[in-house]
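In mature numbering (1 follows the signal peptide of the UniProt record, and there is no 0), the protein residues as written are -21 to -1, 1 to 233.
Accuracy of the hints is not assured; some may be wrong.
[Unchecked claim] Across the chosen pairs, the derived CB separations fall in these ranges:
#1 ASN171 x GLN86: 33 to 43 Å
#2 CYS137 x SER103: 33 to 43 Å
#3 THR83 x VAL118: 33 to 43 Å
#4 ASN205 x SER103: 37 to 47 Å
#5 SER103 x GLN228: 16 to 26 Å
#6 ALA85 x PRO170: 29 to 39 Å
Don't read these hints as lab results, they were simulated from the structure.
Idealized CB from N, CA, C, for every residue including glycine.
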Amino acid sequence: MKVRTLFTAFAVAIGAALASAAGAAAAPATDGVTPFIVGGGNATQTYSWMVSLQSTTGSHFCGGSLIKANWVVTAKHCVQGRSASSIRARIGTTNRTSGGTVATGAQIVTNASYDIALVRLSTSVGQTPIAVAASSGAVGTATRIIGWGQTCAPRGGCGAPTILQELNTSIVSDGSCLGIYGSYEICTNNPNGNAGACYGDSGGPQVKSVNGVWQLIGATSRAGNNSSTCATAPSIYMDVPAFRSWISQYAGAV
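Generate the whole structure from the sequences, applying the supplied hints.
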């Protein structure tokens, strides 16, 4: 993989924090990942295409976006080391523990070089998928990030909310993110210098509004700096439109 995923390290960090607090170690490979949003708020709508990737016990470990009735796009490091059958997807709800449709994974496809992956579901679901945008957009494009998880900046400092969170953001210049591959990744701001993605937010969607309709532009990958405190700098998202041809090889035209 060409990218360094900050969010993978969260599994170990949060496991240690929980062990200290509760006297028992978490299982980071399945249940120990807690995703975002610092500085966001409760979702203002139900996103039919929002996916919570979970273990078979129902513990959320990553986000994803439904792009076809039976295909989800997420981050590569979310699914590495996992079998498809060990993944459960809850789709189209603002509550990560109930509602929506639940489907199991049937196939995992990972990109050979970048932090993006596909999960084929065992069955098609009735929720409306999100369209992949024609392009991610220029610097200054207004976007939104969405997900469940850690809502405080310090590593392991708090738990995940049950209700889906959202945060309005925008695209900033690649120079604001360290180690970014500009042709395939998006640098996204941290509003007011203290809001944005956090540990384990991996795979979740970054979207933009096109004629009043949300379209997918990004999948959360990693932090844009080397700080262990969340939202102190912009974050890096995989540029999903840049992978349209690769996605279409497996999921069909998007």
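Evaluated hints:
1. One distance hint, 33 to 43 Å for the beta-carbon pair ASN171 and GLN86, holds here, with the actual separation near 41 Å.
2. The hint said 33 to 43 Å for the Cβ distance between CYS137 and SER103, and at roughly 36 Å that hint holds.
3. Judged by the Cβ atoms, the range 33 to 43 Å given for THR83 and VAL118 holds: they are separated by roughly 40 Å.
4. The beta-carbon spacing between ASN205 and SER103, approximately 42 Å, falls within the hinted interval of 37 to 47 Å.
5. Take SER103 and GLN228: their Cβ atoms lie about 19 Å apart, and the range 16 to 26 Å holds.
6. For the pair ALA85 and PRO170, the supplied restraint of 29 to 39 Å holds, since their beta-carbon distance comes to about 38 Å.
Of the numbered hints given earlier, the model fails none.
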